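Please model the entire structure based on the sequences and the hints provided.
Number of protein chains: 2
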Amino acid sequence: MKIVRTIAELELSGEVGLVPTMGALHDGHRSLFRAAGAENEVVVASLFVNPAQFDVAADLSSYPRGEERDAEIAAAEGVDVLFAPSADEMYPAGFSTWVDPGETGAEGTSRPGHFRGVATVCVKLFDIVQPRRAYFGQKDAQQAAVLRRVVRDLNLDVRIRLLPTVRDGDGLALSSRNVQLSKEERVEALALPRALARGAEAYTRGGDPVAATRSSFNGIPADYVELFEFDGLTILASALRVGNTRLIDNVLLKGELS
Amino acid sequence: MKIVRTIAELELSGEVGLVPTMGALHDGHRSLFRAAGAENEVVVASLFVNPAQFDVAADLSSYPRGEERDAEIAAAEGVDVLFAPSADEMYPAGFSTWVDPGETGAEGTSRPGHFRGVATVCVKLFDIVQPRRAYFGQKDAQQAAVLRRVVRDLNLDVRIRLLPTVRDGDGLALSSRNVQLSKEERVEALALPRALARGAEAYTRGGDPVAATRSSFNGIPADYVELFEFDGLTILASALRVGNTRLIDNVLLKGELS
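Protein sequence lines correspond, in order, to chains X and A.
When we follow my numbering, the leftmost residue of the first sequence carries the number 1, and every step to the right adds one.
When we follow my numbering, the leftmost residue of the second sequence carries the number 1, and every step to the right adds one.
Note that these hints are calculated values from the structure, not bench results.
Computed from a prediction, not measured in an experiment: that's the story for all the values here.
Some hints here could point you the wrong way.
What the hints assert, rightly or not - Example chain X residues on the side facing chain A (calculated, C-beta under 7 Å, incomplete):
| id | residue |
| --- | --- |
| 1 | T97 |
| 2 | G102 |
| 3 | V123 |
| 4 | I128 |
| 5 | V179 |
Glycine included, C-beta positions come from ideal geometry on N, C-alpha and C.
Right under this line is the structure:
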């Protein structure tokens with residue numbers, strides 16, 4: 001696996017699959033690398049903790065980082081090129097152009113500027129890497145929904161692939177932020193997948209999934225509980241703050257990931 | 001020359017030069033078509049009166065249109081493909097993604113949202129047509145400056161070429177909007193190139209070009225008189241409202257167009 005730090009050094013040919021990551025790789029990323037490897041001639045993983053998508057400075061500074069381990073995981077999963085640019089390489093002096101995806105709700109409302117940062121860095125990565133397909137996990141389904149809209153609106157020639165969330169045995173969705181949780185917080189965090197599971201059950205019975213999710217948090221205040229729809233999918237999503245860590249999760253109520 | 005109205009029908013190969021236009025073609029456009037023909041294998045002209053870049057509804061509705069004549073001019077100047085999409089083709093239902101070039105001053109301040117509309121439609125055209133080079137006239141130098149920044153910031157692989165303003169014998173810069181001027185307004189409009197010429201003379205003598213331009217308008221209120229710099233160019237720009245028509249113009253004080 002080649003590690004590339006500048007745009008100028010990135011020389012690619014063939015059909016490329018891109019997995020954009022912020023590092024701190026886990027089994028969720030591994031499943032994306034494997035899917036990209038199965039569907040493309042070349043797999044590029046980007047490793048860039050994108051300052052523009054953090055609405056809270058403390059969240060950016062405490063975001064877990066460990067390039068050496070990340071490089072080992074990526075190489076082991078068949079990634080051909082690890083693109084690990086500096087912040088100056090991605091946002092040089094004088095940078096001032098932003099891709100604004102418009103109203104997004106849920107994460108967009110809770111984290112002002114977040115999806116603008118995501119959309120901007122992903123459009124840049126798509127323009128730099130020119131992938132045929134780009135891979136995202138269902139945990140970040142709203143991000144994928146936003147990016148599909150951006151890709152359609154700006155006429156980009158890349159398919160946004162969405163793969164199932166990978167969970168730990170106890171049901172917690174894998175996330176780079178999980179390493180920040182204390183043992184007690186980790187137990188608390190299980191309220192999120194459990195409440196969403198109650199919501200999904202209510203939906204299956206013809207009930208109100210949002211109300212059922214809310215009432216299953218047992219008084220813990222969720223950031224939001226929202227239904228959102230895109231590309232034939234209906235998704236029930238929520239976010240929860242546990243200590244200093246904010247976690248998101250969602251379940252698919254209708255449709256099939258593609 | 002092929003006229004294409006949908007993105008799906010646009011099939012291009014080889015090195016493409018793109019001339020984005022809003023139609024009502026004149027000799028300024030002709031010079032861009034010729035430059036594009038000399039430097040590329042295939043010349044695409046787009047013909048799209050972009051609603052998103054009009055800050056005033058009356059300006060959009062009164063903007064001159066005449067596709068038949070435009071198609072004749074483009075064909076005569078060697079354009080290979082005229083891409084003339086509908087507004088729905090460019091901005092389908094649910095469109096919500098905008099490319100925001102940030103602070104721009106001058107035209108950007110006078111026409112809120114204008115450069116956001118320009119940047120968005122041009123990024124879309126670049127993504128659709130995938131040109132190697134795109135051609136703009138010096139009269140719209142600030143637009144070219146904004147687009148060069150957008151192209152650099154979003155890592156687009158297209159060169160923004162800037163060609164000299166074409167003027168009528170009396171000095172008025174050619175513009176599609178000139179046809180809207182009455183005979184009297186046309187005489188009034190000459191104040192704009194004359195004042196800019198006085199500003200350029202003052203600059204050559206070591207004086208203040210902005211002050212000299214302002215004082216040469218003889219009390220006619222210019223929208224703005226501004227110096228702006230980009231890519232080694234220093235440009236003195238101004239805008240003037242004559243009747244219901246708003247005209248822009250500029251002169252190059254330093255540097256060479258490229």
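### Proposed interface contact between T97 (chain X) and chain A, which counts if any beta carbon pair is under 7 Å
holds (4 Å)
### Query
Can we keep the V123 (chain X) interface hint, with Cβ of chain A closer than 7 Å?
Holds: closest Cβ of chain A sits about 6 Å from V123 (chain X), inside 7 Å.
### Query
Once the shortest beta carbon distance from V179 (chain X) to chain A is found, is it less than 7 Å?
Status violated, d = 32 Å.
### Task
Closer than 7 Å between Cβ atoms is the bar; does I128 (chain X) clear it against chain A? Give me holds or violated.
At about 5 Å, which falls below the 7 Å cut-off, the nearest Cβ of chain A leaves the hint on I128 (chain X) intact, so it holds.
### Message
Is the interface hint satisfied for G102 (chain X)? The criterion is a beta-carbon contact with chain A at less than 7 Å.
### Response
holds (3 Å)
Violated hint: 5 only; the structure is consistent with all others.
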